[in-house]
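Asks: Sequence:
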Amino acid sequence: MFDDKRLTRRDFLRLTAITTGGLLAAACQPPAAAPPAAEEKAKPEEKPPVEEKIELTWLVRSHPVENPWEENVVIPAFQERYPNVTIKLVTTPDPQWTAKVMSMYAGGTPPDVHNGVRGTFIQLYAQEKVLELTPLIEADGFDLEPFGPLAKDPDMCRGGKQWALPILTTFGCPIFYNMDLFDEAGLEYPPTDWQDKSWNWDKVLELALKLTKNYGTAEAVYGINGGNQFHQWAYAWGGDCWTKEWYERGIAERAFVASQETVDGLTFRYKLIYEYKVMPTPSDAQAIAQLGNPFKTGRVAMSWEGGWGYWNYFDITAFRWAVAPSPWGVSNKCVNWTDPVLAAKESKHPDMAWNLIKYLTSQEGQSEYVKVTHTPPTRVDALDPWLDFLTPLAGLDRDQLKQVALGYRENYQDNWAHYVINAREFQIIQRQEGDVMWGGEKTPAEHLPVVEEKMNKAAQKAYEEFKNTRLMTDTLCQPITT
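Reading the sequence shown from the start, the letters are residues 30 to 511 in my numbering.
If you are wondering where the hints come from, they were derived from the structure by calculation, not from laboratory data.
Here the structure is a predicted model, which is why all the values come from computation and not from measurement.
By construction, the Cβ of each residue, glycine as well, lies at the ideal position given by its N, Cα and C atoms.
Careful: at least some of the hints might be erroneous.
The list that follows gives simulated cross-link-like pairs (lysine-lysine, DSSO-like), each with its CA atoms no further than 30 angstroms apart [stated by the list, open to error]:
{"#": "1", "residue 1": "117", "residue 2": "490"}
{"#": "2", "residue 1": "129", "residue 2": "117"}
{"#": "3", "residue 1": "471", "residue 2": "300"}
{"#": "4", "residue 1": "232", "residue 2": "181"}
{"#": "5", "residue 1": "117", "residue 2": "190"}
{"#": "6", "residue 1": "129", "residue 2": "483"}
{"#": "7", "residue 1": "226", "residue 2": "117"}
{"#": "8", "residue 1": "239", "residue 2": "377"}
{"#": "9", "residue 1": "190", "residue 2": "496"}
{"#": "10", "residue 1": "325", "residue 2": "400"}
{"#": "11", "residue 1": "374", "residue 2": "181"}
{"#": "12", "residue 1": "190", "residue 2": "377"}
{"#": "13", "residue 1": "273", "residue 2": "483"}
{"#": "14", "residue 1": "483", "residue 2": "300"}
{"#": "15", "residue 1": "242", "residue 2": "190"}
{"#": "16", "residue 1": "387", "residue 2": "400"}
{"#": "17", "residue 1": "486", "residue 2": "496"}
{"#": "18", "residue 1": "374", "residue 2": "496"}
{"#": "19", "residue 1": "232", "residue 2": "129"}
{"#": "20", "residue 1": "490", "residue 2": "273"}
{"#": "21", "residue 1": "82", "residue 2": "117"}
{"#": "22", "residue 1": "273", "residue 2": "300"}
{"#": "23", "residue 1": "306", "residue 2": "242"}
{"#": "24", "residue 1": "300", "residue 2": "239"}
{"#": "25", "residue 1": "181", "residue 2": "471"}
{"#": "26", "residue 1": "181", "residue 2": "325"}
{"#": "27", "residue 1": "300", "residue 2": "242"}
{"#": "28", "residue 1": "325", "residue 2": "387"}
{"#": "29", "residue 1": "226", "residue 2": "129"}
{"#": "30", "residue 1": "239", "residue 2": "325"}
{"#": "31", "residue 1": "400", "residue 2": "117"}
{"#": "32", "residue 1": "190", "residue 2": "387"}
Label-pair restraints from in silico Cβ distances [said to hold, decoys possible]:
{"#": "33", "residue 1": "377", "residue 2": "464", "range": "19 to 29 angstroms"}
{"#": "34", "residue 1": "245", "residue 2": "215", "range": "20 to 30 angstroms"}
{"#": "35", "residue 1": "231", "residue 2": "375", "range": "51 to 61 angstroms"}
{"#": "36", "residue 1": "215", "residue 2": "438", "range": "25 to 35 angstroms"}
{"#": "37", "residue 1": "457", "residue 2": "218", "range": "46 to 56 angstroms"}
{"#": "38", "residue 1": "472", "residue 2": "158", "range": "35 to 45 angstroms"}
{"#": "39", "residue 1": "418", "residue 2": "490", "range": "21 to 31 angstroms"}
{"#": "40", "residue 1": "360", "residue 2": "490", "range": "23 to 33 angstroms"}
From just these sequences and the hints, can you work out the full model?
Replies: Put into structure tokens, the structure is as follows:
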């Protein structure tokens, strides 16, 4: 179990029992002094105090991989350690996450512990509703070093203080590829070194052209798919579509810029669909998805996506698969999705809420998390169980898998949706306006000015709502690399 250096009530009772036992043993020995006067009456034995019954509310998203771990591993393990604590698990579908979190806080019954995704962390932080963890971390001597840079992400650490800890990460956005399809086409496998600049988008296109078969038909196999978020492509082309102020503050009067790097990056994606014909159109992607995940069914040879592929693809038996780094353009900077876990400042049991967070992010907690969900751990000292499980399943040896898994840390940015106000609104605009481009109605050069206008209108709304909060004077614990 993880260390807990504070004296709990159970520890107090245990020490009391030991002390009492020692006194009783001593009482069996011959008396060293005269017995008490006859008129003194024995005092009634004091009963030990009863531990307070505590109920913690833990809000989680509905998820087929995570929920069994929460129900069958975390809750029993935590309640074994703290028998007086009952965890009330509340689940909500991912699309309703923001509304659920905010409604619980507005109703005066915030969850004691929950994740901070979809911009909920920064909104609660701005309203000073997040419990600061720094004093608790220091009191327990809880070591943040195993998290590496993740603990300093903008939704974890602000103003020199720790507000949340990393519970889930994706190891960047690698490319998962079908080794059998590579073999059939007589192609060499990609490297695993993130610093190998021969692994670039020109090379990906060359491979995708050779891997694509029967484009646009019911039997089609597509060379490449994935990566529809605007900033992913802007990063690769050496720029960004989001302003630095927006990243740093979570609000800005101007958030989105249709930069040339963004136009170039999204134009390349557009050409993969309509000029090179190696990536499915949205309608084709929807059609092949009817048969199941397109990568798992062998309909996509390479999939550029977040590291959720690690827990989605481990059970593939129909073909051999492996992982490659995010390809180079001007840069190979990538997005890394790391979820924070935090506690409500208004929690009636802040110490116990911290104990739950501490367990979830401890070496023990993360090791158990890895074994059950096969999700990448947020701690390097919990990496071995993950490698033990994935190495026999992926077509890489242990050292190669470790290299490709951790190489993203050289140049990454946590996903903006974790630490900007009203993230859900920006995500909806990205999806709706992205469909206009990916559906072939307009090119990125034609449509990005419209995207810019809509994004900045949403940004202005958030700015006006939160410009008088501490976000305006906030400082980050780790600089934005944009």
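Asks: Hint by hint, note whether the structure agrees.
Replies: Hints versus structure:
no.: 1; hint: 117 x 490; result: violated (36 angstroms)
no.: 2; hint: 129 x 117; result: holds (15 angstroms)
no.: 3; hint: 471 x 300; result: holds (12 angstroms)
no.: 4; hint: 232 x 181; result: violated (34 angstroms)
no.: 5; hint: 117 x 190; result: holds (28 angstroms)
no.: 6; hint: 129 x 483; result: holds (25 angstroms)
no.: 7; hint: 226 x 117; result: violated (49 angstroms)
no.: 8; hint: 239 x 377; result: violated (60 angstroms)
no.: 9; hint: 190 x 496; result: holds (21 angstroms)
no.: 10; hint: 325 x 400; result: holds (22 angstroms)
no.: 11; hint: 374 x 181; result: holds (20 angstroms)
no.: 12; hint: 190 x 377; result: holds (22 angstroms)
no.: 13; hint: 273 x 483; result: holds (18 angstroms)
no.: 14; hint: 483 x 300; result: holds (24 angstroms)
no.: 15; hint: 242 x 190; result: violated (53 angstroms)
no.: 16; hint: 387 x 400; result: holds (18 angstroms)
no.: 17; hint: 486 x 496; result: holds (15 angstroms)
no.: 18; hint: 374 x 496; result: holds (22 angstroms)
no.: 19; hint: 232 x 129; result: violated (44 angstroms)
no.: 20; hint: 490 x 273; result: holds (18 angstroms)
no.: 21; hint: 82 x 117; result: holds (13 angstroms)
no.: 22; hint: 273 x 300; result: holds (28 angstroms)
no.: 23; hint: 306 x 242; result: holds (10 angstroms)
no.: 24; hint: 300 x 239; result: holds (16 angstroms)
no.: 25; hint: 181 x 471; result: violated (39 angstroms)
no.: 26; hint: 181 x 325; result: violated (35 angstroms)
no.: 27; hint: 300 x 242; result: holds (17 angstroms)
no.: 28; hint: 325 x 387; result: violated (35 angstroms)
no.: 29; hint: 226 x 129; result: violated (44 angstroms)
no.: 30; hint: 239 x 325; result: holds (20 angstroms)
no.: 31; hint: 400 x 117; result: holds (23 angstroms)
no.: 32; hint: 190 x 387; result: holds (16 angstroms)
no.: 33; hint: 377 x 464: 19 to 29 angstroms; result: violated (45 angstroms)
no.: 34; hint: 245 x 215: 20 to 30 angstroms; result: holds (24 angstroms)
no.: 35; hint: 231 x 375: 51 to 61 angstroms; result: holds (54 angstroms)
no.: 36; hint: 215 x 438: 25 to 35 angstroms; result: holds (34 angstroms)
no.: 37; hint: 457 x 218: 46 to 56 angstroms; result: violated (38 angstroms)
no.: 38; hint: 472 x 158: 35 to 45 angstroms; result: holds (43 angstroms)
no.: 39; hint: 418 x 490: 21 to 31 angstroms; result: violated (45 angstroms)
no.: 40; hint: 360 x 490: 23 to 33 angstroms; result: holds (31 angstroms)
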